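J.: If you read the sequences in order, they're chains A and Y.
When you read off a place in the first sequence, starting at 1, and then add 4, the result is the number in my numbering.
When you read off a place in the second sequence, starting at 1, and then add 369, the result is the number in my numbering.
A few of these clues could be false.
Claimed, not checked - Footprint (simulated), chain A over chain Y, 3 or more residues, beta carbon under 8 Å:
(1) 426–440
(2) 443–455
(3) 497–503
Claimed, not checked - Take a look, some chain Y residues computed to stay more than 10 Å from chain A by CB distance:
(4) L373
(5) T377
(6) T385
(7) Q389
(8) A417
(9) P462
(10) R479
(11) V492
(12) L510
Derived from the structure by calculation, the hints contain no laboratory data.
All of these numbers come straight from a predicted model, not from anything done at the bench.
Beta carbons are placed, not taken as given, at the ideal position from N, Cα and C, and that holds for glycine.
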Amino acid sequence: MVPDVAGSSPVIHPNEELETVSVSDALWTTVVWNDPVNLMSYVTHVFRTYFGYSREEAERLMLQVHHEGRAVVATGPREEMERHTEAMHEYGLWASVVRA
Amino acid sequence: MIVLEFTTAEVELLRTLLTQYDEILQQPGDDPALERLFPVAYRDDPDAAAEFARYTRSGLVEHKSSAAGSIAAAIAGGGSVQLDPQAAERWLPVLTDLRLIIAHRLGIVRDEDEVPRDPLGDVYHWLAELQTYLIDAIEALE
Numbered sequence: 005m006v007p008d009v010a011g012s013s014p015v016i017h018p019n020e021e022l023e024t025v026s027v028s029d030a031l032w033t034t035v036v037w038n039d040p041v042n043l044m045s046y047v048t049h050v051f052r053t054y055f056g057y058s059r060e061e062a063e064r065l066m067l068q069v070h071h072e073g074r075a076v077v078a079t080g081p082r083e084e085m086e087r088h089t090e091a092m093h094e095y096g097l098w099a100s101v102v103r104a
Numbered sequence: 370m371i372v373l374e375f376t377t378a379e380v381e382l383l384r385t386l387l388t389q390y391d392e393i394l395q396q397p398g399d400d401p402a403l404e405r406l407f408p409v410a411y412r413d414d415p416d417a418a419a420e421f422a423r424y425t426r427s428g429l430v431e432h433k434s435s436a437a438g439s440i441a442a443a444i445a446g447g448g449s450v451q452l453d454p455q456a457a458e459r460w461l462p463v464l465t466d467l468r469l470i471i472a473h474r475l476g477i478v479r480d481e482d483e484v485p486r487d488p489l490g491d492v493y494h495w496l497a498e499l500q501t502y503l504i505d506a507i508e509a510l511e
């Protein structure tokens with residue numbers, strides 16, 4: 005799916021155009037946000053079982069959510085990020101789709 | 370196998386919570402508790418968020434409701450429950466959703482908010498203990 009670029013500047017300099025093209029195709033993210041309810045062990049468990057992250061990586065991401073308020077847990081095409089976000093909602097995690 | 374032993378009172382409590390959970394899930398629209406069960410998927414784009422909700426909501430409701438149904442079935446015969454890890458895995462999101470709903474009722478919105486020392490606060494803690502027990506048991510069998 006091609007992202008909506010209506011908000012971008014109409015004045016495009018050559019270098020920026022290159023960047024816009026490379027970014028527009030793929031780069032969306034699934035972001036998980038901190039909440040005061042979910043247990044740290046559960047968030048880590050979900051990151052391991054759903055995404056297949058190692059325990060170390062899952063714990064790193066969980067701690068990032070906890071301390072920084074959010075973490076990017078996946079990057080890729082928009083439809084894939086929507087599937088991940090839906091899955092996170094199924095698990096009860098607070099996730100959204102964010103343009104990279 | 371993962372073995373759980375609930376008291377009669379705990380079975381009754383779980384049964385009541387699951388019934389209420391299913392009622393909340395089936396509600397249309399905008400009970401504030403629903404906002405956290407079905408979060409906004411695009412924070413800066415209301416149209417995309419609405420479209421996402423349109424495509425995902427009914428599937429999520431169905432999935433959550435069916436997971437709750439399998440817990441209700443597991444405790445239908447009493448407090449002695451045996452689960453394989455896969456079945457136990459299905460309990461976890463339901464326990465999370467129950468805690469999200471109770472947290473909303475208790476006004477817990479920030480990490481530093483304290484859980485009140487009252488019956489609902491006790492239920493909130495009990496659900497966390499149950500979830501922790503299940504996670505440990507599942508991971509011990511990996």
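J.: Hint by hint, note whether the structure agrees.
T.: Checked hints:
For the region 426–440 of chain Y, the stated coverage by chain A is satisfied: 4 residues place a CB nearer than 8 Å to a CB of that chain, which reaches the threshold of 3. Counting residues of the region 443–455 of chain Y whose beta carbon lies closer than 8 Å to any beta carbon of chain A gives 0, which falls below the threshold of three, so the coverage claim is violated. Given a C-beta distance limit of less than 8 Å, the hint that chain A covers the region 497–503 of chain Y holds, as 3 residues qualify and 3 suffice. With a least beta-carbon separation of about 17 Å from chain A, Y/L373 lies farther than 10 Å from that chain, consistent with its non-interface assignment.
Residue placement check: Y/T377 keeps its beta carbon more than 10 Å from all beta carbons of chain A (closest about 27 Å). With a least beta-carbon separation of about 20 Å from chain A, Y/T385 lies farther than 10 Å from that chain, consistent with its non-interface assignment. Separation of Y/Q389 from chain A is adequate, the least Cβ-Cβ distance of about 16 Å exceeding the 10 Å criterion. Once the 10 Å rule is applied to beta carbons, Y/A417 is inconsistent with being away from chain A; the minimum gap is 8 Å.
For Y/P462, the shortest C-beta to C-beta distance to chain A comes to about 5 Å, within the 10 Å cut-off, and the non-interface label is violated. A Cβ of chain A approaches the Cβ of Y/R479 within 10 Å, the least distance being about 6 Å, so the stated non-interface status is violated. Listed as outside the interface, Y/V492 is consistent with that label: its C-beta sits roughly 13 Å from the nearest C-beta of chain A, beyond the 10 Å cut-off. Here Y/L510 stays apart from chain A, with its beta-carbon at least about 13 Å from theirs, past the 10 Å limit.
Comparing the model with each numbered hint stated earlier shows that hints 2, 8, 9, 10 do not hold.
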